[in-house]
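Q: Sequence:
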Amino acid sequence: MSILPDGRFVDDAPYDPNVDLSAVDRSDMDASNWLLVWRKFRRHRLGLVSGIFLLVAYLAIPFAGFFSPYTPNERSAEYLYHPPQAINLWHENEFIGPFVYPTQAKADLENFRWNYTVDETLPMPLHFFCTGAEYNLFGFVPTKMHLFCAPEGATVFILGSDRLGRDIFSRISYGAQLSLTVGLIGITVSFLLGITLGSVAGYFGGSTDWLVNRAIEILRSLPELPLWLALSAAVPSNWGPVSVFFIISIILGILDWPGLARAVRSKFLSLREEEYVRAAEMMGAKPSRVIRRHLLPNFMSHLIASATLSIPAMILGETALSFLGLGLRAPAVSWGVMLNDAQNLASIEIYPWTAIPMLPIIIVVLAFNFLGDGLRDSLDPYKV
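Position 5 of the sequence shown, counted from 1, bears residue number 4 in numbering that gives the first Met the number 0, the numbering being contiguous throughout.
In case anyone wonders, no lab produced these hints; they're calculated from the structure.
The structure displayed is predicted, hence computed values, not measured ones.
Check before you lean on any hint, since a few could be wrong.
Unchecked claim - Simulated DEER-style distance windows between Cβ atoms: (1) 59 <-> 236: 31 to 41 angstroms; (2) 207 <-> 376: 28 to 38 angstroms; (3) 136 <-> 41: 30 to 40 angstroms.
We treat Cβ as the ideally placed atom computed from N, Cα and C, and that holds for glycine.
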């Protein structure tokens, strides 16, 4: 350290730009953009927890039959509108493992409802990793192995049964296969249309841009719900559940692409004038290569966040159509189809557990929104 004639102090040591940087700061200087996004995203607790929950939910979809004690359309005529059963561990202060008490149904002709009496003197242990009704694991492997089964002479309705004596828990598990998948198929269709048309309009401009914008304006000017209803009502009623499922998914995707296409177009209008884009064009790169290798990667993270926030809208769209009887129909099982059976407010007042399928819809939609918020906040890792 030396002193100048004017009294200022000067450090004689050579300049080291890393002298005050911590190990984490030094690693950030060499980290990729995606690594920085992940480091910021994992500090968003709600987004991280929601992402883990959704990952587990989607991984569990192929095993719906394994986790369900019954098949989705298996009926128990003796147990209509059975209330949720508790799984107990202790009987008369003695631990005997998971068990249920048998129940007996009795019709209340005065109030027109079913009443159930519980025999708490006879605990009946559950069976684990047992043989039950046959189902297809992963959709094509026939098996009869279940995680747990009801004991002989008793039932295990964790969330109760519906008006036909079908287990609501099993139907929710199977319904997740359609209700969660419809969002992925719909967003795939929306992504393909939105990115393709938006990139073509933004990159080429001119008459192409004019045509795409007019198509976007026409679609966005139409009322969404009546358009859903009209297109869904046009699906032939004699089509199978699988065909209707894919048609509904495609309809939801087709009606969702204009917003994404407009975002892609506006981004391309600014990026196409960048120097690296002009350099690629002067070196002979084709428009498809410029779009694929130079333009799309610049805001792919934004597209991922937009897709995450669009999936819940498609899940709600399928639920609304099925609830109104214009989407999936029985014997297909989805959360919307289950809510269609619970339209009668009088029955919900007497048997409130028939409205339980609303809970997974609310939880999944909130999880996707929290995940989308976390991704959106993490897209710019350099923003404090």
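Q: So which of those numbered hints doesn't the model satisfy?
A: none
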